[in-house]
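Number of protein chains: 4
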Amino acid sequence: MDVSQMSPNEMEQQLQHAVEEHRRFTTDGEVANYIPKLGSANPKTLGITVTMMDGTSFTAGDCDAYFTMQSISKIVSLLLALQDIGPERVFDKVGKEPTGDPFNSIVKLETIKPSRPLNPMINAGAIAVTSMIAGKDNPEKLERLLQLARRLTNDTSVNVNKEVYLSEKSTADRNRALAYFMRENGIIHGDVEDILDLYFRQCAIEVTCSHLAYMGAVLANRGKDPITSEKIVPEDLARIVKTFMVTCGMYNASGAFAIDVGIPAKSGVSGGIMSAVPNRMGIGVIGPALDKHGNSVGGLRLLETLSREWQLSIF
Amino acid sequence: MDVSQMSPNEMEQQLQHAVEEHRRFTTDGEVANYIPKLGSANPKTLGITVTMMDGTSFTAGDCDAYFTMQSISKIVSLLLALQDIGPERVFDKVGKEPTGDPFNSIVKLETIKPSRPLNPMINAGAIAVTSMIAGKDNPEKLERLLQLARRLTNDTSVNVNKEVYLSEKSTADRNRALAYFMRENGIIHGDVEDILDLYFRQCAIEVTCSHLAYMGAVLANRGKDPITSEKIVPEDLARIVKTFMVTCGMYNASGAFAIDVGIPAKSGVSGGIMSAVPNRMGIGVIGPALDKHGNSVGGLRLLETLSREWQLSIF
Amino acid sequence: MDVSQMSPNEMEQQLQHAVEEHRRFTTDGEVANYIPKLGSANPKTLGITVTMMDGTSFTAGDCDAYFTMQSISKIVSLLLALQDIGPERVFDKVGKEPTGDPFNSIVKLETIKPSRPLNPMINAGAIAVTSMIAGKDNPEKLERLLQLARRLTNDTSVNVNKEVYLSEKSTADRNRALAYFMRENGIIHGDVEDILDLYFRQCAIEVTCSHLAYMGAVLANRGKDPITSEKIVPEDLARIVKTFMVTCGMYNASGAFAIDVGIPAKSGVSGGIMSAVPNRMGIGVIGPALDKHGNSVGGLRLLETLSREWQLSIF
Amino acid sequence: MDVSQMSPNEMEQQLQHAVEEHRRFTTDGEVANYIPKLGSANPKTLGITVTMMDGTSFTAGDCDAYFTMQSISKIVSLLLALQDIGPERVFDKVGKEPTGDPFNSIVKLETIKPSRPLNPMINAGAIAVTSMIAGKDNPEKLERLLQLARRLTNDTSVNVNKEVYLSEKSTADRNRALAYFMRENGIIHGDVEDILDLYFRQCAIEVTCSHLAYMGAVLANRGKDPITSEKIVPEDLARIVKTFMVTCGMYNASGAFAIDVGIPAKSGVSGGIMSAVPNRMGIGVIGPALDKHGNSVGGLRLLETLSREWQLSIF
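Residue numbers (the numbering used here), protein chains in the order written: chain A, 1 to 315; chain B, 1 to 315; chain C, 1 to 315; chain D, 1 to 315.
No lab work stands behind these hints: they were computed from the structure. Here the structure is a predicted model, which is why all the values come from computation and not from measurement. Where a beta carbon is used, it is the ideal one built from N, C-alpha and C, also for glycine. It is possible that part of the hints are untrue.
Stretch by stretch, here's where chain A covers chain D in the computed footprint (C-beta under 8 Å, at least three residues) [as the list claims (entries may be wrong)]:
hint, segment
1, 98-108
2, 167-176
3, 181-190
FRET-style restraints, in silico, Cβ to Cβ [said to hold, decoys possible]:
hint, chain 1, residue 1, chain 2, residue 2, range
4, D, Ile85, C, Asn104, 31 to 37 Å
5, B, Asp84, A, Lys292, 26 to 32 Å
6, D, Ile85, C, Ser157, 50 to 56 Å
7, D, Glu12, A, His189, 49 to 55 Å
8, D, Asn104, B, Asp92, 51 to 57 Å
9, A, Ala134, D, Ser115, 34 to 40 Å
Model the full structure from these sequences, guided by the hints.
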């Protein structure tokens, strides 16, 4: 099916049909519950937005549902740190390699010499990246993060969900362990609680799947705003993050996703997935019911179906 | 630079220039020496062949140098096993995920429950895949492997280098450990030495970088022969192996290669790299001097330069 | 209770009472079943023999039941290798440290640099030790092992159970993996199947708990036969193996056993435990029902009770 | 040599001779330098005190040198926690098994399910034990710890070295990582910095080797003061800590120490070693130059020599 030949009507109909078809899979998963606020999400929620390279968007399902970015925010902070201090300095502290371990694992920080997080998509790496963001203090750093997030999502009202941020902060001992371990090894510097505070706020940036679709479209469009063609991030940085999205964007199921779906994508435990199909479109999905890897079950199925029908795989 | 607009002359000149430019990097690496025959390779060798989607090829440097496929053969055996018993049965025993561990590591076979090799590109996974090839005995299985290798390389004379095979076989205790551990866990069945014998033979299949370029072109061309358009492997299987080439084709440096070069590629310790740029070209390089990850230093640099100049990254 | 003041009658009565008391615990465990012959043992079997420093023995329960030494044979082979090539050369290849890993784990062989088994009580270490036994061929080595076993057990009829040996040999892929991994790393040399063949035979040496008690008494008696006072093994070697029995003799529960019972002991998956109370007595128990660590549940309880009542702890 | 037959003069002479003989080995080691204050210790310091079961003491070398207990304090806190809440509750959270990993390793906290420190002698386990000490607040808990330390060392002036405590506290990110990881897993509860503050203070309790010898004598004397015969700790708790001293008291060299020396001992990175020879004597040594495992090189050699000459091994 040639998606570029479809009329807007056909497109919307197809998306609506897909959402209806796949909503039943949401019962196969469970909502993340390590944060009370996440646990209260409706597991049956399923929504999708597709944003084309000309900026037009198509939506279906629960597209107005707000959720927090969680791990998807790792893309925003990575883009910002890469701009702030350049790839060389970022990758001096954080590797580029996928890891077969869980996203919150601490084992390789001890076993790999010299110690460093294997990539910026696992928690340790993402915390290290957040510590590299420029700014005189946390409010300034957060402001810069939000500014980038707003430009990527094309919405100046995007902001932090305070309740989720506070909830996150109070249940984050694993992240504290990662951070102190990294400070011990000179990977991060300064006040650990400050670094984590910024990290928890970034994870709690609130969006809809339409925001994610726009963000994906910017990355798919080589860093340029699909409507204004304004450069939001440099092309090579957009390329770098899309690569990470393929090799380690879907937690411990990134390899299977690359084979079964084949498009750069980053998921979060709130159930969102942000995808960028190079030169073609951005796709945002939300579906809070998660599989055992922490990926949206409904979202995964939706993307797999669309990728097959629209031949989106980059491979 | 738009490679599709270049004349054959320009193309060859550019390749020759690139080979000359990069040959000096070969002194940064060392020839693999765990097998005597590999250790005798000339570290200064550097050659490249590019095969376009119409079947035309361009070469530069040491393109006539023969070397053994080594890990590149894992692509051939995986394609054959996928055809023989289907992806579902193959991936029931071998995972799809990249691993942060060395290619010959045994640790995760013990620590991951239930035990299974994380992917078919690490030695454990590749041995398991070889055990899945159909055939009444080893000679028949080898014949089938060679037939596929010959069609992929467009050369009916492609064959096993006996000396390297025997050398390989006599220094393979790590692979024996992997195989017995897997048989203990029901991942492989039957006679371990038989399975390894076939595996060592497959690793010793001898080619030039022109053979690798053709093979890459078949994969880039969705499984079809670029000259005859004949289907050599099904499109979806070609897609699967190209995906593995991105997520785990370059040993423990696959993530960095995906970022820095961005094309599906599989390397071997003999110094060969087989690349497939989807819908555009196949590239074969040889350069026996290896970096610490086991990848050709000269080959890596060549591919990085060409990817940048010709904008080959799929991301 | 002062055991040295008890009459033979009191002693036997107390042992019989203890066996009766503890037999009910045997239902908490399960017979090892990875080898068919082991799986056919009666889980309710429970027997004990105590051999004093003057050679007198007291028995209760199923003392005539024959079983194979399994891991208890690691003590015999270690004593022989220590005599044959000396502690320095043995401990150059095999460490002296307890390990928190399972007895058949392969992980640390890869992660510890340079690779070596942490101690001679885990399978890897024991296989390495067996490979160090002197002799022109396996029959001679086995003969030497049997001679030592016979002197330690005071019974010239002690021999290998062929059926168990063959069964062992046919289900030993994990041990093969350990052995090949070690040969790769220069820890063992020569023919792996030959080394393992000797190892499987040593594990299949058949004894009763009275044999084990005598062996324990020799070790408790600083290497001298308790009846003839003849030196069977040098005092310092007896001391070395008693130390290993404390730090790593009871698989992954050695630390708990040292605290709860506090006497040097070595267990086997057939359900036997050989204990040596320095300068006081040897104790042999049999009880094929095992706990999750591979130790005899009934045997453990018996030893714990006797240690408390007779104040046997060395700490 | 029968130590019980030696005159006080002979005893002192032998100790002085031994100190002189072994002082040269101190150049084989290095002073711990992760805390500035520890780094300023004189590596040539070497001192020993032996306290017999009747309370008489013999000293040689630098016996007046003060140093901080460091890991030796883990024995004091373990005794206190065992008294406070009983072995069952302590060992519900902290295991009894030796580990082949470094004392500050975090790996097994993640890989062992359910998560718990393998024993109370590694840092993770010791922090968990400290968190179990009873008291309404840290000052009260510290007071109770000091009271026990003073009774064990027979010196009411024993106290915390503030400078070392503060230095410790400011360089303790690895311990913070361990503590937050454990709180995540429900092994410890409450304010992590509070728990660590108490832990750092306990590590900074300052003593001489004579204090350690007295402490060892109390443990050797089954928990009773060797002079007054007053019960300081219950006999079974004294037995438990002596057992840990054998199985995991000398860091990653506990197994080798058990074989080569064979007496319960606990070392600290300040260079102290506290030993308890059951029913015979306590031995305290100080020698700040450490080997790669963190044990005093001079102290190890001294103890090895004395154990051999006085036949102190418990095995």
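Checked hints:
Counting residues of the segment 98-108 of chain D whose C-beta lies closer than 8 Å to any C-beta of chain A gives 3; at least three are required, and the coverage claim holds. Counting residues of the segment 167-176 of chain D whose CB falls under 8 Å from any CB of chain A gives 3; the rule of at least 3 is met. Coverage of a stretch by a chain is defined here by at least three residues with a beta carbon nearer than 8 Å to that chain's beta carbons; for the segment 181-190 of chain D and chain A the count is 3, and the condition holds. Checked against the given bound of 31 to 37 Å, the beta carbons of D/Ile85 and C/Asn104, roughly 36 Å apart, stay inside it.
Against the hinted window of 26 to 32 Å, the Cβ-Cβ separation of B/Asp84 and A/Lys292 comes to about 30 Å, which satisfies the hint. Roughly 53 Å separates the CB atoms of D/Ile85 and C/Ser157, a value that falls within the hinted 50 to 56 Å. As the Cβ distance of D/Glu12 to A/His189 is approximately 53 Å, the hint placing it in 49 to 55 Å holds. Taking the beta carbon of each, D/Asn104 and B/Asp92 are about 41 Å apart, not inside 51 to 57 Å as hinted.
For A/Ala134 and D/Ser115, the hinted distance range of 34 to 40 Å is satisfied, since their beta carbons lie about 37 Å from each other.
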